[in-house]
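The two chains are supplied separately, each in an independent frame; assemble them into the complex guided by the hints.
Chains as they are written, first to last, in this note's numbering: chain A, 312 to 762; chain B, 5 to 172.
In short, the hints are calculated from the structure, not lab data.
C-beta: ideal position from N, C-alpha, C; glycine also.
Treat the hints with caution; some may be incorrect.
[To be verified] With a straight-line Cα cutoff of 27 Å, these simulated DSSO-like cross-link-like pairs (lysine-lysine) come out:
no.	chain 1	residue 1	chain 2	residue 2
1	A	K738	A	K727
2	A	K578	B	K53
3	A	K509	B	K6
4	A	K596	A	K659
5	B	K53	A	K509
6	A	K741	B	K53
7	B	K169	A	K509
8	B	K6	A	K495
9	B	K169	B	K127
10	A	K578	A	K367
11	A	K319	A	K578
12	A	K319	A	K741
13	A	K495	B	K169
14	A	K727	B	K127
15	B	K53	A	K738
[Said to hold, decoys possible] The calculated label-pair distances, taken between Cβ atoms and stated as ranges, are:
no.	chain 1	residue 1	chain 2	residue 2	range
16	A	F725	B	S34	53 to 61 Å
17	B	A154	A	P527	51 to 59 Å
18	A	H330	B	M90	54 to 62 Å
19	A	H330	B	E123	30 to 38 Å
20	B	T87	A	Q584	57 to 65 Å
21	A	R658	B	I92	55 to 63 Å
22	B	D16	A	T642	56 to 64 Å
23	B	E123	A	Q315	30 to 38 Å
24	A	F645	B	I92	48 to 56 Å
25	B	E44	A	Q584	23 to 31 Å
26	A	R658	B	P130	48 to 56 Å
27	B	T87	A	K367	38 to 46 Å
Now for the letters of each chain:
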Amino acid sequence: MNLQAEQKINADLLRPLRHTSFKFYLLVAFLGTIILLGAGSWFYQMSNGLAVAGIKWPIFWAFYITNFVFWIGISHAGTLISAILRLVNATWRRPVTRCAEVITVFALMIGALFPIIHLGRPWLFFWLMPYPNERGLWPNLRSPLAWDFFAISTYLTGSTLFLLLPIIPDFALMRDQMSGWRRKIYSVLALGWQGTTKQWHRLEAAMQIMAIAIVPVAVSVHTIVSFDFSMSPVPMWHSTIFGPYFVVGAIFSGIAALIVAMAILRKVLHLEQYLHPLHFQNLGKLLLLMSLLWGYFTFSERLTTWYGNEPSEMAVFWETQTGSYAPLFWTMVFCNFVIPFPILAIRKLRTITGCVIASSTIVVGMWLERFLIIVPSLATKNLPYTWSYYRPQPVEIMITIATFAAMVLLYTLFSKAVPIISVWELKVGKHEKPVPSAAEEEERELWRVRP
Amino acid sequence: MKAIYALFNNPDSAQQAVDDLRRDGVPDNSITVITSQPYEEYEFSHRYKPTWLFWIAAGGGTLGLLAGLGLTYFTATAWPIVTGGMPIVAWWPNIIIMFELTMLGAILATVVSLFITTELPTKQRPIYDPEVSRGKIMVAVEEPKDNEVARLERTLRASGIEDVKQVP
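Next comes chain B alone, as it looks inside the complex (with noise of 0.2 Å):
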């Protein structure tokens, strides 16, 4: 992936080169900013609050509550014996496994959508400086045009850093 990028010392250097970049006309999904560290405080970090993980826990969570259904049904109505005086079907102990299932959906659902929407795992890592893990914080412009490198360059430099580096 082609890319140009600085690396900045604190976050409001980096919220203003933001805030430049956008000023300049480039669209905010060609903006990546890249830290050490989550910085809820900033609007930089705003841009993907908004989730469908919640959505999807809870399907995860109606999915395993079915199989606890269909499991404590069907294994019990397979071959019926009456234990402990209890009917064939008896919901107060199913209600247990129908639960502990519910939410063991509901984690596994969380964890595959996370791994998914943030394409993990995966081998490449098309714009990284390992700076960023010393508390740098990189603002990254994807997919630049050709004519607009040098003026991206500039805007980025406005913020007062000397270091613009460009991938490959």
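Chain A with its partners taken away, still in its complex shape (with noise of 0.2 Å):
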């Protein structure tokens, strides 16, 4: 690659960060109103209590938990796939990787938004945290609630340095490239970072340990959540499958999510010489993969349950097929796999607008997954003088759409202040492989024996 075509890269991808239109701070202002609505909406719920919710009585968890399985699902679009795809050394995920990445730190933090949300006192969520009361009583480490702080912080963690460890040579390439006072923002934040092979050498050597230590984390993770459903007798949900259920659906939302966050960046940004049809193709054939997984889970969870025919599981099981939540379960069969089979399995199909159609509505379909595997259950639970329904309130409806508005907002922010697409990981992409003569391989060889 020549010093044009490294220069090319470089105004291309920073020019998102020199640039910006009177387009992005509207889209700032009707973000940032939804997501003050939002929080308007949750101080209102805590002064008058989770009264003004839909949530009562057997029907605890609804919106809110859904929403925390949601986010957490959509999180493994990025870390998870970012890992293995360098695990595995795919040359073409180098503009995909961050892209990714970004969903992952920004999803885990807004789904561990809410348990908080749904606690009757929100400001003390720390008694979660592994320490001792006056008395010297810790937190019961036994309960599922207790793993998924452990999970997730671990999870978040694992994210954020995956996430910002391959940023510091970028923050590098800001801090030359940029003037005023973001480069003194930038001469911060790159650390005094040089670029000495030593330290790309450690660099790539962390990063690949890294990658080996989240891909267990991020399954842990999304195994654990379905853990808080699965230890509970309740009909449905205490299921040996519910582990790899749920990690199939976080990797399958996951991905959807990550198609569509990388059609609106190529759109927006202009970055068409960046984000090929490839990239969208082969992320089409994953989800493809995932769309089946999902489909096969369903259908052996359903199988066994009605096998079985177990009189508290059968009215779940029916409530969902014919009853009240029948039109939103086949809503969700339509949006995982009626529609997004087809789309992702015919060649012709699989183009960039389709790949978006298909992510769409499965972005939705999960959602409803995450729905249906909460609401019926509790709200169909053993006894039958006990059966209720939920209606969702205006307040968790507000707060539900300010997460999903905070997520676009919080997305744009970062696209405005770090290049969206790795820089130095893109540029590696398109090295040439040098040929040696023997002669320079043996000389060489000698240099690196010498005392």
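Shown next as structure tokens:
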């Protein structure tokens, strides 16, 4: 790669950081207003108690926990996909990884907020942390809610570092390329990075180790989220398949969210030269695989319940198949399988537009899936005299909408502060391999062994 | 720090310069190559391949595991209360906490050792040229002796570049 090509990459990827149109400020104002409305709704809920939300006995988990599971699932888009592609050395990953890793960090932050919103006294959320009270009594670490704390904290810490470490060389690039106050900020953030061969080696080795460590952590996080349900003897929850079922669903929704985000970035930031149809094709193939796996797990889960014919489970089963939740259930099946499967399976349809349509339906379908796992089981639990219904209230709807706005806002602000495609990783992908002569190889080998 | 350096337009010339410097008797640990991206394909970037980072990560993971073991054991026995019919020290659920802390230990150890071995963060950037961020490759010789400077300059210029600079 010559110097001109390299400078063009610098210019193209730093352009969004240098130029800001009025549309950006309009978007920020719009999203900020929605977030303020969401914050106001939360404050209203805190002032008046959880009674203003639609949750009531026996349905104490509803929209908020649906959102919690949904966002933790979306977080599997980034770090997990990026780590796997890094480990298998998929060269096409380079423009995709940072777009994906950012989703993980922000989705985890938003997801982790929901158990706190769900608390009656959210200001006491720190009681979940492992420290003793004044009587020397520690939190019960045998509770799945404590496992959530450890799993999400580990994943958030790991994912944030996994995102930040490869940004350091890009901060150094911005330190040299920017001017004024930005230069000062990026100088601090670059931490004095030079780019010596030692620094590059250590960084790449660290990223390799992080990738190895983060994959099992990502799998564990959604498995542990599934344990919140499957550890309870609630109909349709107490299932051994829940761990892998949740992990598959998380990766499924995560890839879908990534494709939507990439398509928007490509259009808005004019990244057509870097995010090629090939990237969407490849992610589309992964999405197709996940759609098939999701269909397989859903069928397995439903078949074993139906075949077992246990009355309390069948009550929930029929409620979702033909009862009051049936419209949502069949919409979910359409969104997650019937619509995306042909689009992603037929090569001609697996275009950027096709992938975005399939991904958008999957995001909706996976939100519904989370809702259908939680609410019907609690609403139709064991004893018929306890059966109830759930209607979301404006407070819950507003907070939910606000978190989607928060995700978009955080992503937008990030892409204004940091190149959304890793500049140095992109350049590495364009290297041509040198062909040294045998004599040169031999000579260098001698220098290597020389004391 | 005192140094003499040249900026090259491509990695082949940089590799050539490194080879020439070695032929000239400059030891490897005096030659510094600074780039805007890793050039794994080139020999000049292979010097630091051996690393203890994997073992340090394993050590961090072991410490995390021990922390998880201690936390779950001592918190359960500090005030023994039976919950959910489980034993006071319940290994099955404890494995989850131990696993998470193991991975956290490995991740944190990796990051800390990365910062220590690469000497980050630092305020000093003794040898650097912003041209590197525009794609140039810097080949520098650190702490050259006064009587060697002219010879090193000739060696660096042998690759066909015009501009050889000195720090300070």
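Agreement of K169 (chain B) and K127 (chain B) with the hint, judged by alpha carbon distance not exceeding 27 Å: With a Cα-Cα distance of about 22 Å, the restraint between K169 (chain B) and K127 (chain B) holds, given a limit of 27 Å.
Q584 (chain A) and E44 (chain B) - C-beta distance against the hinted 23 to 31 Å: Given about 24 Å between the Cβ atoms, the range holds.
Pair hint K319 (chain A) and K578 (chain A), alpha-carbon separation not exceeding 27 Å: Holds, because 19 Å separates the two Cα atoms, which is no more than 27 Å.
Cβ separation of A154 (chain B) and P527 (chain A), checked against the hinted range 51 to 59 Å: Check passed, 57 Å falls within 51 to 59 Å.
Distance restraint between K53 (chain B) and K738 (chain A), which requires alpha-carbon spacing of 27 Å or less: holds, 21 Å
Distance restraint between K53 (chain B) and K509 (chain A), which requires alpha-carbon spacing of 27 Å or less: holds, 8 Å
27 Å Cα cutoff - pair K509 (chain A), K6 (chain B): holds, 19 Å
Pair hint outcome, K738 (chain A) versus K727 (chain A) [Cα-Cα no greater than 27 Å]: holds, 21 Å
Restraint check for K319 (chain A) with K741 (chain A), where alpha carbons must lie at most 27 Å apart: Within the cut-off at roughly 13 Å; holds.
Satisfaction of hint between K53 (chain B) and K578 (chain A), Cα-Cα up to 27 Å: violated, 40 Å
Supplied distance hint 30 to 38 Å, evaluated on CB atoms of E123 (chain B) and Q315 (chain A): holds, 33 Å
CB-CB spacing for I92 (chain B) and R658 (chain A) relative to the 55 to 63 Å hint: holds, 59 Å
Checked against the numbered hints given earlier, this structure breaks hints 2, 10, 16, 27; the rest are met.
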